[in-house]
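In case you want the letters, here they are:
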Amino acid sequence: MYRAAWRQTEYRFADLKEVMAKATPPRSGDVLAGIAARSAEENVAAKMVLADIPLKRFLEEAVVPYEIDDVTRLIIDSHDKAAFAPVAHMTVGEFRDWLLSEEATTPVLARLAPGLTPEMAAATSKIMRNQDLILAARKVEVITRFRDTIGLKGRMSVRLQPNHPTDDKRGIAASIVDGLMLGCGDAVIGINPASDNVGAIIDLLYMLDDIIRRFDIPTQSCILTHVTTSIEAIARGAPVDLVFQSIGGTEAVNASFGVTLANLKEGRDAALSLKRGTVGDNVMYFETGQGSALSADAHHGVDQQTLEARAYAVARTYKPLLVNSVVGFIGPEYLYNGKEIIRAGLEDHFCGKLLGLPMGCDVCYTNHAEADQDDMDILLMLLGAAGVTFVMGIPGADDIMLNYQSTSFHDALYVREALGLRRAPEFEAWLERVGLTDIDGKLLSEPAQLLLDHVKGLAA
Amino acid sequence: MSSNDPAWLNLRRFTDARIGLGRAGSALPIKEVLSFSMAHAQARDAVTTPIDWQPLADELRALGLESIRIASAAPDRDTYLRRPDLGRRLSPASRQLLAAETGTKPDLLIVVADGLSSTGVSANAAGLIAELLPLARKSGWSVGPVLLASQGRVALGDEAGEILNAHAVLMLIGERPGLSSPDSLGAYLTLDPRVGRKDGERNCVSNIRVGGLPAAEAAFKIHWLLREAFRRGLTGVTLKDESVYQLEDATAQAPALER
Chain V
144 MYRAAWRQTE YRFADLKEVM AKATPPRSGD VLAGIAARSA EENVAAKMVL
194 ADIPLKRFLE EAVVPYEIDD VTRLIIDSHD KAAFAPVAHM TVGEFRDWLL
244 SEEATTPVLA RLAPGLTPEM AAATSKIMRN QDLILAARKV EVITRFRDTI
294 GLKGRMSVRL QPNHPTDDKR GIAASIVDGL MLGCGDAVIG INPASDNVGA
344 IIDLLYMLDD IIRRFDIPTQ SCILTHVTTS IEAIARGAPV DLVFQSIGGT
394 EAVNASFGVT LANLKEGRDA ALSLKRGTVG DNVMYFETGQ GSALSADAHH
444 GVDQQTLEAR AYAVARTYKP LLVNSVVGFI GPEYLYNGKE IIRAGLEDHF
494 CGKLLGLPMG CDVCYTNHAE ADQDDMDILL MLLGAAGVTF VMGIPGADDI
544 MLNYQSTSFH DALYVREALG LRRAPEFEAW LERVGLTDID GKLLSEPAQL
594 LLDHVKGLAA
Chain S
531 MSSNDPAWLN LRRFTDARIG LGRAGSALPI KEVLSFSMAH AQARDAVTTP
581 IDWQPLADEL RALGLESIRI ASAAPDRDTY LRRPDLGRRL SPASRQLLAA
631 ETGTKPDLLI VVADGLSSTG VSANAAGLIA ELLPLARKSG WSVGPVLLAS
681 QGRVALGDEA GEILNAHAVL MLIGERPGLS SPDSLGAYLT LDPRVGRKDG
731 ERNCVSNIRV GGLPAAEAAF KIHWLLREAF RRGLTGVTLK DESVYQLEDA
781 TAQAPALER
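These protein sequences, in sequence, are chains V and S.
Heads up, our numbering is the position in the first sequence plus 143, with the first residue counted as 1.
Heads up, our numbering is the position in the second sequence plus 530, with the first residue counted as 1.
Worth flagging that the hints you see were computed from the coordinates, not collected in a lab.
There may be inaccurate statements among the hints.
[Unchecked claim] Think about it this way: if two alpha-carbon atoms lie no more than 27 Å apart in a straight line, the pair counts; the simulated DSSO-like pairs of lysine-lysine are:
1. V/585 x S/561
2. S/561 x S/635
3. V/282 x V/462
4. V/599 x S/561
5. V/599 x V/296
6. V/160 x V/199
[Unchecked claim] In silico negatives: residues of chain V with every beta carbon more than 12 Å from chain S:
7. 145
8. 183
9. 195
10. 213
11. 236
12. 245
13. 249
14. 254
15. 314
16. 321
17. 359
18. 372
19. 419
20. 424
21. 460
22. 568
[As the list claims (entries may be wrong)] DEER-style ranges, computed between Cβ atoms:
23. V/250 x S/766: 47 to 57 Å
24. S/633 x V/184: 49 to 59 Å
25. S/670 x V/439: 39 to 49 Å
If you're wondering where the values come from, they're calculated on a predicted model, not measured in any experiment.
Don't be surprised by glycine CBs; every beta carbon is placed ideally from N, CA and C.
Assemble the whole structure, with the sequences as input and the hints as a guide.
Structure (structure tokens):
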């Protein structure tokens, strides 16, 4: 039992997960789940209680029982007590103050990451303002490598997302060339396929491999299909760079995605066996998003933001190249409007970074959410300031396959121009070498035509 | 590079993606900004515009079909968007209204719901029913009054179908609008409807619209699925739509994401 008294009213919370749910900044998904604070005052009272809870408590009281959930077991069994020691005496509130202090430097936070659990990160984020989430996250540097180096300070990468509703290869190639000519694609060229047929997936893999090799692009490809499909493609000899999987923060939500922790290990091992990386061997790409567990009725009464952070414990086990919170995709019953989407994007980025992940964000919304491009401009700029590892690049921000709006190739240019963020160094050098940018990474007004000539050849 | 470059005009034959837009510094040219804004405005209007059922009721009457207006337990659009659970259940008044019709027992109950696109319903529902009705009548199926449901989600048809003792329910519902398809209709077919049916127990025909799946083809697919459902006694993941082979359908689209 946790209690807080404020003037005449005493607030009682049965357990840690109730404190955390009620301390969460308001969002529609927690209301839908029936676990949100019932008043603004109760919300703040829960934050006050949470701020006084010792970080150690999160190692003693699991929000989802250890016995029934393999994600809880993963979190507890992999906890690094030595790494935790420097902050082991702190409460959540003290930890927030410390994170923002001069003591919490980039190398200190890197050493701390394995000592933090997702619940500690989530709890801390709940009592932080947006500006805290930005300043703390930007101290963290998480560097990953495959064919280029992602996550260096002062840099931001972009996933080129050239989706097509029928996987038309010429249509996909046209979108890829457009994105490359606008300086995008250093995180990954990643397709959400319309088909889950392994033959169709292998076709797309060869197509991406051909473009990357033909133009010697220091980037990697990924077809965002189920991990078991990627494993099958690898078994058939297909050129798989990154293995993708959607993951969540409970065993049950992962089951709803048709995936187990053993599948993820098998997928990683299969990708590693190909040795396709040139500068590193981070071979996994994970996507997550608040609300997925509630949507699958797999939430155990835990708030959606805490469950999202628990998904990052799954992700970090497999040393991913990229992790992406698809923050606004799930719809208004989980994140109702621009304000809720912006808040969630900053929370997810902060928690992911604190836990040691190469955290990106799909800054996005659906047409039934109360949000628009102006909200996305705000979130993108805030994430740029927070040091986001990568964002999406989609032609004109309009994904014609998934029917939602994300960030465009131009949006990446906007945040680069405003904040001076550069691309991954190998990709930056490539763009200059092939005549698309100048030495400062600025797009040339008369770009080289080799890529366009190639795709015109496909169209002929 | 600009949007009028003939190379890009040529490539746009292969994709509706917004490629080759040109740029004004780091930004999109204003023409593209406004064109995007218009597409988003249409999608927003599709979500928020309350449906006017009268034209559809008139068109149904011309086809010889009566209609009954019902509503979900979500009283307004804001609640509808926040509480999908309420959109799946009838309002108490609608439940009472349908309870007076329990003798109906149609082979096929058609429910039309506004869903997330009232424009999708207005543009496509009457046309689809007009194509489907002769096929249903030829097969000898009874088709009861059409239910016109406000603030409805797919599963609303389960409760309505259960009360009316329908053998199968066809839910025609406005799909979540995309920028290039704000007016798309989805069709969900459920055998032996009752409260608690899972999404895996339905068959879906999506993207029914001009420029997507034409009404005649959609009606053909729905009729084929329904005939097989009655014959095999099930709908859902185990009933595969094999009618595409007969049609050599090249327009099949990804399934709708929103239900």
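These are the hints, each one checked on the structure:
no. : hint                      : in the structure
1   : V/585 x S/561             : holds (23 Å)
2   : S/561 x S/635             : violated (55 Å)
3   : V/282 x V/462             : holds (20 Å)
4   : V/599 x S/561             : holds (25 Å)
5   : V/599 x V/296             : violated (37 Å)
6   : V/160 x V/199             : holds (15 Å)
7   : 145                       : holds (28 Å)
8   : 183                       : holds (18 Å)
9   : 195                       : holds (32 Å)
10  : 213                       : holds (24 Å)
11  : 236                       : holds (32 Å)
12  : 245                       : holds (34 Å)
13  : 249                       : holds (29 Å)
14  : 254                       : holds (38 Å)
15  : 314                       : violated (3 Å)
16  : 321                       : violated (4 Å)
17  : 359                       : holds (22 Å)
18  : 372                       : holds (16 Å)
19  : 419                       : holds (28 Å)
20  : 424                       : holds (32 Å)
21  : 460                       : holds (29 Å)
22  : 568                       : holds (21 Å)
23  : V/250 x S/766: 47 to 57 Å : holds (55 Å)
24  : S/633 x V/184: 49 to 59 Å : holds (53 Å)
25  : S/670 x V/439: 39 to 49 Å : holds (41 Å)
Taken one by one, the earlier hints fail for this structure at numbers 2, 5, 15, 16, listed in ascending order.
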